[in-house]
Each structure stands twice: as C-alpha cells, then as structure tokens.
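**Q** Chains A and B are the protein sequences, given in the same order. First residue of the first sequence: 752, per the numbering used here; consecutive thereafter. First residue of the second sequence: 1121, per the numbering used here; consecutive thereafter.
Hints listed in this document are in silico derivations from the structure and should not be mistaken for laboratory results. Since this is a predicted model, take the numbers as computed values, not measurements. There's no promise every hint is true.
As the list claims (entries may be wrong) - Below 25 Å or equal to it, Euclidean Cα-Cα: the simulated DSS-like pairs (lysine-lysine) are:
| hint | chain 1 | residue 1 | chain 2 | residue 2 |
| --- | --- | --- | --- | --- |
| 1 | B | Lys1134 | A | Lys1253 |
| 2 | A | Lys798 | A | Lys970 |
| 3 | A | Lys973 | A | Lys1176 |
| 4 | A | Lys813 | B | Lys1134 |
| 5 | A | Lys813 | B | Lys1129 |
| 6 | B | Lys1129 | A | Lys1256 |
| 7 | A | Lys1253 | A | Lys973 |
| 8 | B | Lys1143 | A | Lys1253 |
| 9 | A | Lys1105 | A | Lys1077 |
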Amino acid sequence: MIGNIDLSMVNWARAQFALTAMYHWIFVPLTLGLAWICAFYESIYVKTGNEEWLRLTKFWMKLFGINFAIGIATGIIMEFEFGTNWANYSWMVGDIFGAPLAIEGIAAFFLEATFFAVMFFGWDRVSKRFHLTSTWLVAIGSNLSATWILVANAWMQHPVGMAFNPDKARFEMHNFWDVILSPVAVSKFTHTTSSSFAVGALFVISISSYFLLQKRHLKMAKRSIVVAAIFGLLGSLMAGFTGDEAAYENALHQPMKLAAFEGLYHGEKGAGLVAAGIVNLRKDVDDDEDPFDLEIRIPGLLSILANRRPNSFVPGINDLVYGNPKEGIMGATEKISKGKIAVQQLAAYKKAQKADNPTAASQALAQFNQYKDFLGYGYLHSPKEAVPNVAISFYSFHLMVILGTMFIAVFLAYLFFSLRGNLEKQRWLLLPGTIMFVLGIICSQAGWVIAEAGRQPWAIQGLLPVSVARTNLTTGTVQTTFFMFLILFTALLIAELRIMSKQIKLGPEDK
Amino acid sequence: MTLGRTLWKVIFIKLFIIFGVIKFFFFPDFLQTTFSNDSERAAYVMDNMTHPPNMINSNLGGHKK
Chain A
752 MIGNIDLSMV NWARAQFALT AMYHWIFVPL TLGLAWICAF YESIYVKTGN EEWLRLTKFW
812 MKLFGINFAI GIATGIIMEF EFGTNWANYS WMVGDIFGAP LAIEGIAAFF LEATFFAVMF
872 FGWDRVSKRF HLTSTWLVAI GSNLSATWIL VANAWMQHPV GMAFNPDKAR FEMHNFWDVI
932 LSPVAVSKFT HTTSSSFAVG ALFVISISSY FLLQKRHLKM AKRSIVVAAI FGLLGSLMAG
992 FTGDEAAYEN ALHQPMKLAA FEGLYHGEKG AGLVAAGIVN LRKDVDDDED PFDLEIRIPG
1052 LLSILANRRP NSFVPGINDL VYGNPKEGIM GATEKISKGK IAVQQLAAYK KAQKADNPTA
1112 ASQALAQFNQ YKDFLGYGYL HSPKEAVPNV AISFYSFHLM VILGTMFIAV FLAYLFFSLR
1172 GNLEKQRWLL LPGTIMFVLG IICSQAGWVI AEAGRQPWAI QGLLPVSVAR TNLTTGTVQT
1232 TFFMFLILFT ALLIAELRIM SKQIKLGPED K
Chain B
1121 MTLGRTLWKV IFIKLFIIFG VIKFFFFPDF LQTTFSNDSE RAAYVMDNMT HPPNMINSNL
1181 GGHKK
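Sequences are here, hints too, so could you generate the full structure?
**A** This is the structure:
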C-alpha cells in the first residue's frame, strides 16, 4: 500500500524521465534524418560514379557515425527508470509493451548493427551496390526501430486493443493490429519521422552554410544543400500535414490536451485558433480572468483543425472539467465519481476472492467492468487535477508550429538560391542558417513537450495517473540519480560537440 | 582511425557507466528484486491500485487546487 506520499517524488521522477528523454532525443532525430540523406548522397555517387559525391557521402557518414556512436544506448536508461521509478506502471503495461519493444530490439540489433558495420567499415571490402544497400538498410532499420517505441507511446496516449486483467493487475493485449495500426500510432510515427527528416536536413544546411561563409569546400557544401533542402522541404511539408492529423486525433481522444495547448477555457462553436499569444499565468479553471494577456486569433480555424467543420463545437477546459450536457460532454467531476466506483469494485473483487466468495467476486467484477473505462479518474481528488499545465502546453505547441512553418520558408529559400547559383552570396540567409539545426532540435523537443506534458496527469490516458504509476521511493533517491544523469548526458553532449566540431573543421577527406 | 578509436573509447566508457555503475548500483528493478514471483508482484500492484495514495501535494497539472 502506498499510504501518504509527497508528490514531489513523482515530479522529480517525471523530471528525470524528461531529462533522459530530451537528451536522448537530441541524437535520435539526427540519426533518423541523416541516415536517409547519406543514402541519397551515396545513391547519386553509385549512379554517377562521380568521386566528389563519394567524398561528400563519406564526410556526412562520418558525422552520422559520431552521432550514432555517442547516442547509442542513451535510451536504455529510460527502461531502467521504468523498473525503478515507475514499478506499478511497468508491471501494468508489460504485456502491451513486451511485443513492440522486443521487435524493436531485434530490428535494431540485427538490421542496424549488422549493416551499420558494413556502412562504416565496408567501403573497400564489399561491392558498391552492396555497400549502398547496407546504407539504405541502416536508414530503414533505424526508422523501423523507432516505430515500436512510438507505437508504445501512442498506446499510452490512446490505449486500444487491450483489456485490464484484475487477477494479474495488468493490461493485456487482445489485438496486436489494433495497437500498432491505431490512428494515433500512425500519426505519431509519421509526424515524428517526417519532422526528424527535416532535422537531419537542417543539420546539413547548418554545416554547409558554415562552409560557404568560410569559403571552404564550396562545391561540396552546395551539392549537399540541394539534396538536403529538397528532402527537408518534403519532410517539413509532411510534418505539417501529419501534425494537423495529430491535432485532429487529439480532439477525438485527448480533448483536454487540445484545449490546453490552445488555452481554450470555454468551449465554443466556430472556435478561433490562437496564432500567437501571452498566457495569463493568474488564470485558474473557474475564475473570470482572461486566459491571455495578449492574443492573435484566427476565427473558426480551431474548429476546422479539431473537427474538420468550421462551425463545430470545440470543448474548452471548463467543459471538460465540469461537463457540458448541452454538447453531450461528460466532465471530469462525473468521471471521478464513476472512477471511484471502479476502484471500490476492484477492491471488493480482491476481498471477495481472498474470502473465497465467488458470487461476491463475480458481482464486484461485473460492477467494475461497467466503470472500468473511468478507472484512472478514481485516483483523482479534484476535477482540476485533470487539467495539464496550460502555459507549458500552449508555448511548446506554438513554438513547434512557428519554427516548423519557418523551416518550410528556409528550405524554399535555400533551394531557390541554390537553383539560381548564387547561394554563397546570400550572407543574410547563410548566417542564420548556421543555427537552423539547433532550432530544429528545439522544435522537435517542443513537440515532445506538448505530447507528454499536455497529457498530464496521465501515464495511460484516463486509466492510470502518474501518482499511481510510480514506485514508493524517497525524493532524495530520485534527485541523486537525476543529477547523475545530468552530468553523464552533459558529458556525452560535450564529447559529441567536440568530436563533431573537430571533424567539421577538418572537412571532407582530400581527393 | 584516430576518430574510430576515440568513438570506441566513448562507447565503452559510456556502456560501463550505464550498465556497470548506474544500472547495478542505482537502478534495481523494484518488483524483480523485491518479490520472488509474479503472483506476489501482481498482488503488490493490485494493493497499490485499490489503496490509492493520499496525496500531500497533488498539483500535478500546475493548476491551483
């Protein structure tokens, strides 16, 4: 039994997970995007036989290898955290996550590791075509291995294809295909990978811009940019399209997240989208304060984003907390009442089983099944606990959208001046271009912040709050490991930056 | 080759720290090490689910209570 707990432990455990995930996510999008770009460069080399493309490929592949080597295994720490900090959660989802994560392990190990070795050490040992095939398989393998962890995350946002087994206290998978083909999983995978393509392209743009400003390796930089700008543009456009789909899925399955990242407190028909704004931090759920100190709103656009209909109703935070019978929306208040019945009946089922009373057990189970969809709400003490942090959700969402839109313009500008043949003269573009990769990482991280902070207080949407998902540890224990990870990851990041900077300064190998 | 050696060094030091130090000393699998079989683990988790915590500071979402 948990008894009294100070939720500062939960918040430290969340902060620790966020820290490790965010550091890990510096390496991952670059791997996902740059792997394809290396494959494109090498394909051009094999097709044309031009040695310049070989030098170029080897240079970018070297940087890819540094990132891969330093980033590898940084994600495994999150698995440690599941077992130590999130024991209840870990047990409950073991049956669901076991299959996808096992496939990830196999795919990552056999496909990536095997062909990664050929890609790096096989230049003079295998044929051109076999080497090219290996490069493509590394790109496919790394993106495939990302699929499974994204499927697992999507399941937490929208749990499907499962049932709760009260005898084992865990969620059990009933339909594998429902889990991996859930619309949330599909949109999460496509949005995450396409945005990572853009991040990979921004990496190439940033370093190539540096070379152009330095007037070094001009031909290589310009060639690199053309391919990266086309790939980045396609990735950015696809990220915009899939992001729209992700918001639509939010409206269907996580309306509170959508209301939070738009700062919408009172639902309305023909709801406007806040393009930019300053959140009023004094605002609370049931007061009359204005949600924004400043806002620029586009009329009707949020209704289109959420429901594909301009005059449709989009529920606000207040509707989702207190309910809106007119629009058929059940509030967190009512869900909490139902959830508490689910928790009570689960306890009654357990007690009846201990007392060897099958009739009482069967009755309790029937009652539990009636309210099981509200189970997680039974652990909330106030309906306001169902509201995520609005300021964090709003700013991270809008930062992501603003940067993502800007990248489309950046890729178009690079492509335009590349095709006109005077890119190296556009210092106004090349100077900010050198920091585009950093902005790409910030954009990608902001996307994860809205995905994860925006679904609080849930570890599993509607079924398990983070307060029940965690292990009963002291805050001090989690704080210690938090700072250990901070030091370790910072050291790794410094190592990556130093090794990479050195290789960038050296540039491609001489002819 | 200098680059290759540096990367291998980084990889091995990192793996040693992650698996040899962090995992071994700081991140035991709580349920695996505390209980001897799955029935005990399930009973423990069920106990946590049916006796939810009394939260001292439940302001998870960032809103005033």
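**Q** All the hints need checking, so say for each whether the structure fits it.
**A** Structure-based check of each hint:
This hinted pair checks out: Lys1134 (chain B) and Lys1253 (chain A) have alpha carbons roughly 20 Å apart, not beyond 25 Å. A C-alpha spacing of about 19 Å is found between Lys798 (chain A) and Lys970 (chain A), which places the hinted pair at or below 25 Å, so the restraint holds. For the given pair, Lys973 (chain A) sits about 12 Å from Lys1176 (chain A) by alpha-carbon distance, which is consistent with the 25 Å threshold. Using a Cα cut-off of 25 Å, the hinted pair Lys813 (chain A) and Lys1134 (chain B) holds, with the two alpha carbons roughly 20 Å apart.
Straight-line distance between C-alpha atoms of Lys813 (chain A) and Lys1129 (chain B) comes to about 16 Å, which keeps the hinted pair within the 25 Å bound. For the given pair, Lys1129 (chain B) sits about 21 Å from Lys1256 (chain A) by alpha-carbon distance, which is consistent with the 25 Å threshold. With a C-alpha separation of about 21 Å, the suggested pairing of Lys1253 (chain A) with Lys973 (chain A) holds against the 25 Å cut-off. Using a Cα cut-off of 25 Å, the hinted pair Lys1143 (chain B) and Lys1253 (chain A) is violated, with the two alpha carbons roughly 32 Å apart.
For the proposed pair Lys1105 (chain A) and Lys1077 (chain A), the alpha carbon gap of about 45 Å is over 25 Å, so the pair is violated.
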